[in-house]
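Visitor: Given next are the chains, with one letter for each unit.
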Amino acid sequence: MTSTDVTEAGATESAAAPLLEARELTRHFRVGRGFGRQMLHAVDEVNFTIGKQEIVALAGESGSGKSTIARLLAGVYKPTSGEIFYQGRATSTYRSRKDQLAYRGDVPMVFQDPFSSLNPAFRVSHGVLRSLKLHRPELSRAERFEEAERVIEAVGLSPAGDIMNRYPYELSGGQRQRIGFAQALAHKPKLILADEPVSMLDVSIRIGLLNLMAELRETQGVSFLYITHDIASARYVADRLMIMYAGHVVETGPTESVLQNPKHPYTDLLLGAVPDPRAPLSTGIEGDTGEPPKVIDPTPGCRFRWRCPLAVDRCHSETPLLRVLGQNHQAACHVADPDTN
Amino acid sequence: MPDQLLEVRDLTVEYDTGDRPVVAVDHVDLDVHAGEFVGVVGESGCGKSTLLFAIAQLLSSPAAITGGSVRFQGQDLVTMSEKKLSALRWRDFSVVMQSAMNALNPVKSIGAQFRDTIMAHDEPVADERPAEVLRLVGIDPIHLNSYPHQLSGGMRQRAMIAMALLFTPDLIIMDEPTSALDVVAQRSLMVQIKELQKQLGFAVIFVTHDMSLVSHFSDKLVVMYAGQVVEFGDTRAVFDAPQHPYSAGLLDAFPSIRGPKVPLTGIPGTPPNLASPPPGCRFQPRCPKAFEDCPKIEPELYQVGAVQARCLLHVKEPVQERTS
Amino acid sequence: MSAVVAGASAPVASATRRPRGGLFRAILRNRKAMVGAALLFLFILLALFPGLFVPGAHHDPQAIGDLPLQKPSGAHWLGTTGLGQDVYAQLIYSTRESLVIAVVAGLGATILSVIIGVSAAYLGGLADDGLSMLTDIFLVLPTFPLIIVLATYAGKGNLTVIIIVLILTGWSYGARQMRAQALSLRNRDFLESARVRGERRSYIIVVEVLPTMISLIVANFLGAALYSVLTAAGLQFLGLGDPSSLSWGTMLYWAQNQGALVNGLPAWALSPGLAVALLGVSFALLNYAFDEISNPALRPVRRRRARSAS
Amino acid sequence: MRYLIRRLGFFVLTLWAAMTLNFFIPRMMPGSPEEALRQRLSKGGAVVTPEQLRTVLAEFGFDPGQNLMLQYVEYLRSMVTGHWGVSIGSSLGSPVTTLIGDALPWTLGLVGISTVLAFVLGTLIGTVAGWRRGGLIDGIVPPVFIVTSALPYFWVALLLISLFAIGSNPVLPNDFNYDQGLTPAFTGEFIWSVIKHGILPASTILVTAVGGWILTMRNNMVTTLAEDYVRMARAKGIPGRKIMFGYAGRNAFLPNLSGFAMSLGFVISGTILVEYVFNYPGLGYMFYNATVSTDYPLLQALFLLVTLAVLICVLLCDFAVFLLDPRARTKG
Amino acid sequence: GCGGGDKPIGDAASSNPSSSASSGGGGTGQYKKGGTVTIANVGGQTWPCQFNPFNPAVNQVALGFVYEPLTFVNVLKAGATTPMLATGFAWSPKKDSIVFTIRDGVKWSDGQPFSADDVVYTFTRMKEQPALDLYSLWTGAGLTSVTAAGNKVTLKFKAAAEPYFFNFANQVGIVPKHIWSTGEAASKPATWTNTKPIGTGPFTVESCTGNNISYVANGNYWQPGKPYVEKVQYPAYLDNNPANLDLASGKAQWGGQYIPNIDNFYKSKSPENNYWFPPTANVALVPNNDPSRPATSKLEVRQAIAYALDREQISKIGESGYQPAANQTGVVTPTFDKYFDKDALTAAGYDKPNLDKAKQLLQTAGYSESNPLKLNVITVTGYTDWDASLAVVKQQLAKVGIELTVQDLQQQSYNQKLYTGDYDLAYSSLSGGPTPYYELRQLLYSKNTAPIGKQANSNYSRYQNPEVDKLFDQYAAADPDTQVKLIKQISSYMIKDVPLIPTTESVDWYQYNTKDLEGWPTQDDPYAQPAPYNIPDVGQVLTNLYSKSAQK
Ligand SMILES: Nc1ncnc2c1ncn2[C@@H]1O[C@H](COP(=O)(O)OP(=O)(O)OP(=O)(O)O)[C@@H](O)[C@H]1O
Ligand SMILES: Nc1ncnc2c1ncn2[C@@H]1O[C@H](COP(=O)(O)OP(=O)(O)OP(=O)(O)O)[C@@H](O)[C@H]1O
Ligand SMILES: [Mg+2]
Ligand SMILES: [Mg+2]
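Chains as they are written, first to last, in the numbering used here: chain Z, 232 to 572; chain X, 2 to 325; chain F, 184 to 493; chain H, 3 to 334; chain E, 328 to 879.
To be clear, the hints were calculated from the coordinates, so they are not data collected in a lab. Take these hints with a grain of salt, some might be off.
Straight-line Cα separation of at most 25 Å, BS3-like style, residue types lysine-lysine; simulated pairs [stated by the list, open to error]: (1) E:596 with F:254; (2) E:774 with E:421; (3) H:198 with X:84; (4) E:774 with F:254.
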């Protein structure tokens, strides 16, 4: 397979009927106690869709709300406002355990921090086996073990039989991360929310996992929300790229389009910062300290305006909304130019 | 070379685990010249941090240096008394630790930590020096009165680097100083470090597992695998033509955001257990080019053109004997 | 009693590293734990089969003899009491009550700690505030005076009362630790992970949470048992237990009352205290060893300065 | 500020809870001052009517017939205003304030000093043991002090007595606060006597209390030493002693300090036993006495005092942590 | 309670009422002044330094030392009297009024003269301030008026009042009007602390700290030449052990201590260490006679217990022989031998244990091996000798098939149960008086009992017998010989109805050291109850002691 045709296939599918759609998704956190209560706007009025068999990469600054989005989708957090539609139905309408279980079976999550996402009291196979038990009740005990072994092998951990029986503290960060990934794979999901699933892996193993993602999408039609700091890997697997900044999605579009033709100044900055051994060092961002903003009780206006080299007056008073600036390519910037072609 | 700053020979470090010792650094040789930027890369757990600590004599039990020497400006640090070491430390070489989050004392203000450092040495230091170095790394000196928890992760890492510059040492050892930062911040910090290095002329040993970072910033590259140096040479040379299959694997394994999009493969298998490494070449069980000698003969570092590589493929050109 | 504090360090770190192969093997490998376990085992033996350790002549530890206040001799290894009872036999037979107090009160206090600590952490909000406040109040209340007051008035001598009192006053320390640990667990992703997986809340609490706290719970039990042994002995020593019962504290009470020390009978005055101390030590050793097992950083190390320049 | 208000709220609430418990527990239980007094009066065939008992007690400010809630309100008021009444137990008629005033200096002197000393010593030894981890001290200290920390107070007391205070030629006195023939004055003789009488009880407290502090401090120290900033301090060439106390010690000390406050309750328990064994006329002994003689006013005042002491100590330690730990400062 | 246990719980060791002394005591000669006596008697607390004689918690250190009664009554000599502040007294024929002749020339220790006014003032204050009237003279004994005429003071009663003589003549300390009629002493006499007491007694308080009270001889004392001893030291002891040690070493010369193993611990330490334990009352198993208790209300059961007990053994093991065995008549011997009817005792077979009879009686009562009698006995924690005695009793009763469970209770709970009748058997003791009448009346008089659930005054066994009541009623107005007869009659009911079962006799714990001091009360010369906790007997002893070294 080549990644190019994968991209096209995914793009057409997603246009037809989105698997999951987030509308005006918002999540605020209360910070401080008692009187001096303040609101941290982790995610603010975010809209996006994830199509069937689509890999959507979500990148952005640390603290910009990527994990929060994943957690909102996984139902770990309840949205402050906004709605998530899964296969056309709002998840807030799930009442029965059956509905919820079905959703959870379809949309598993790989947690960002592999050190805290495995229960230290159980062998690492615990999570995989439990997932199988909950979501594929038809399997017998022995089958579950077989299946677990298979997925653990699939994420590149071998010998699986040995690894399964270890306790989390006996695994390295990278190994744990892969166990987390295996948990999400175990029960034929439809959409995997993968929060930096490869951040702790060595380049060599990382690529194996990325290949696995692509293969799963191909063979089993699984979609991914792939959260990462590693733009290069996003380019490698993702059909679409979303860039977040301070709780807002500031740019979204087909991966290549965004990379080749970034519309939002932040995207520009971000791409400029990504080192590439195969390309010469680009300059021009030296003045930027790269301090991520905390979005506490924000006032209207573009959140990037303080760091933006292009900021105009309007940016200080009006929050930019996503605008279509190219084919499937949107950015939230007052000054960005649309594609000319 | 005349301006040889650091000369590490046969350095071996073991962790006493109760059963078999973990040999985390295994007969490592390393040379750093004044003003040089040496990058160290390698898989997680291959002994990079341990090597740095061993160089700085900062190992604490259960780790111990069990062999080799570390000559810094001509003096052997391994046999040096703690007292003499204290005098040398920070003034002549300083260390920026892997996690700046925890490397600052949480109960002392940044300024107090500067003061402590100054008081520990009888090096004359101007009163404005702390403020000056903070400004150098882009932190407002107002933060001298701040406590570590009041700074963001990036600021803490900068503060650490500022502190390392306090006495303008000859060598700064940095262990993944940018790991806590996101790409933009990491990038700007690296640029600053490089800039400072150009200005002040100190040498840097820089550990990371981000290949792309070293590719842009370091002069020399050390590739470690399972406690050993497997390849050593000019960065560009290694990147252009990696001589060790492991280095080659590393370089093959990461995608680019520019160039053409090609399917990549990783290195299969897992790194060896350092308490019982595989026989012969340590990379041999994972090596795509392994042949029958590999599990039998332990390779040495062989000179291959401009670089040295620990691979039996290059056995015809044995590395020349060193005079140490 | 400050030993209770000793068992408190680094409860959170302990959860993350659990030795493989279970506790049992870890205990076998730790010298302190071995000594503690051996002592405890001995006491359990004594408690179960006191008769085996007492020569036939003195099978009834309460039997009044004609020779009061005897110094230790071949016939009476530790001498006799003011009523001519055999001190050694009393010592052995007293093991049971002291051990029962330790175990039952320790268990009770631990269970209470777990329930209150974990629910405080999980319920959060007002319930947490209330429960934490309750815990803190019980923690700073001068426990022993409270115990004295309770034990004095609540129909004294009654073993059940003493145990209840010990539980009531002994749970707070543990509850605080439990809450802290449960809170730290609450933010751990593995619980979120279980929820995302679709587990029920009850399953998460019982199956996912409690096992991760097991080492804290065990340590807590040991601490509470130690506290109970010492406190109960103190109470009985003050005469607030049942003076006709057979326990070490009561023996001490009698020894003190009949002037064992001034009458030159240190064996009588000191041996029950020694027994209390040894039982306490066995709990303390296990507790401490437990800390070491669950927090490898605390394990003793061989200091080596291998600086061979080759 | 908010932090302070919260602490204050905790303080008041705890105090109130303690006072309430203290009021109700004795009153819910069998026995009453009436009976205690009756016991005392039924000498010589005197036929004492219940009215007579009530009359006498009423004279001393205790009216058992009063509504319990009213009594409670009255009690709270008098506790707060410091009108603690007179003893109705074995020191019938003595103002509670006087009784406490007489005993307090002794307890403060003996228990206060030895407890603080134990804490300070324990912390110091623990610091050194942790610093020299695996060294000689560290090899000996933990096992020894695990043992001492599990010793019952009273047993250590008895042991010390049998070693030093019993026999034909006792080295040290084992009861009371000073020689009975002396009158308190600032004379060398008197002070020496006070010291002599304090040695054994103080050693008892020291021996049993110090272990806990050593162990916790050592463990904190070991944990802290593994922190990166300690290694960093070494890397910076900061001298060992300074790292030991200024970096590792200070940080390891913080949890110990909170522990100290929290465990003060336990310490007080121990001192009751110590004072009891050594017949030391301090608050602990008085507490015991007040309990067994159903002396409500004295009991209440003592309980209040002890709770106050613990609470104040908790607050002080909180405050100290607040000062020493910048993290705590911003958390509030 | 006594029990002589170790740590006295709450109360300082109780002071037994004293009684007779016909002669003025042993030491009649004139001795030179000098010397110090140190008293070792556990108070269980530091001294509060109060000397209010009306405060029952502190009157032990005031009465006898500083305050004196009108007349001293010697319990150990069948109520013989010694004139104190009254040189004499005369009863009216119906014994409902008494006239005291007040001694002339007595001065208060501040130099003010003592007069009949002070006596009247003392008694009338007790009326005005009922809290002062510890012995309920105005409310219980029927005192109606106290008047003075010259040096005569007349006390009038509603009815014959001889039984109360012991209380008002012997136990009430006379206080000075000129002090007690001003300031706080006048406004709050019951709670006044009276730190510098002014009295007529042989000593005044020189200094008082929590640790020690130091008395010096009263220079104004009315008995010429007395007291011989110049100083009294009364250290506070919190615990028996140090007090015992001080006695054994001779550091303290006068003790009121229970000392385990006394011969070995005390007597053997020095030939000058002596002790004497005169018995004054009974320690008894009190069965609950109330019909609501099926077992103990049965006469057979009570008899069976009485037959089963080997009182000598209880005395020997339980009380180390210090407390002699009691007998079923309830008359304490040898103190009250005059009233003891040995023949009646022998005739009933209670002079020695009789197990067969006991078993047989139990059978009659319906108990057998298959249906054993199970009884509970309550006792007080801290009375370790009682615990020991009960351990013996338990063994003895087991032999006849009674299972006894000993329930050790804290004093308060014990009292509660005892007073309200919530028990099967209670181990108990009451204080006696100058004749057995006082003790027996407390125990058996129906007016001293109350229904179950209500607090009884002293008749806890709930024994009620109109015939016995009649005998008690006759006693007050009877002449001495008749009184002896009445008591023998009453004790015959003890044998017949077994309302309670005396086991041992409670004694005065008394140790004395003769190295420097002489004039102690002894078995041969029992001029006062000898233990230092007896008030006002302590005053008698203090005026008789003299220092040998001062005589040289
Ligand atoms: N439970 C929470 N309570 C309070 N604030 C939170 C919580 N979770 C996240 N935040 C805040 O919300 C913001 C977004 O956090 P989030 O974890 O989504 O960032 P992220 O993009 O995943 O960052 P990273 O790349 O570092 O993982 C941050 O400022 C974070 O501090
Ligand atoms: N205390 C220890 N006991 C035993 N082995 C240890 C200990 N600390 C580290 N090791 C082992 O030493 C080896 C080298 O560790 P080191 O921290 O130097 O790796 P690293 O290359 O810095 O890894 P990373 O990139 O993750 O920082 C690892 O295999 C590790 O498992
Ligand atoms: Mg995240
Ligand atoms: Mg490292």
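Visitor: Evaluate each hint against the coordinates.
Guide: Quick rundown of the hints versus the structure:
{"no.": "1", "hint": "E:596 with F:254", "in the structure": "18 Å, holds"}
{"no.": "2", "hint": "E:774 with E:421", "in the structure": "22 Å, holds"}
{"no.": "3", "hint": "H:198 with X:84", "in the structure": "46 Å, violated"}
{"no.": "4", "hint": "E:774 with F:254", "in the structure": "52 Å, violated"}
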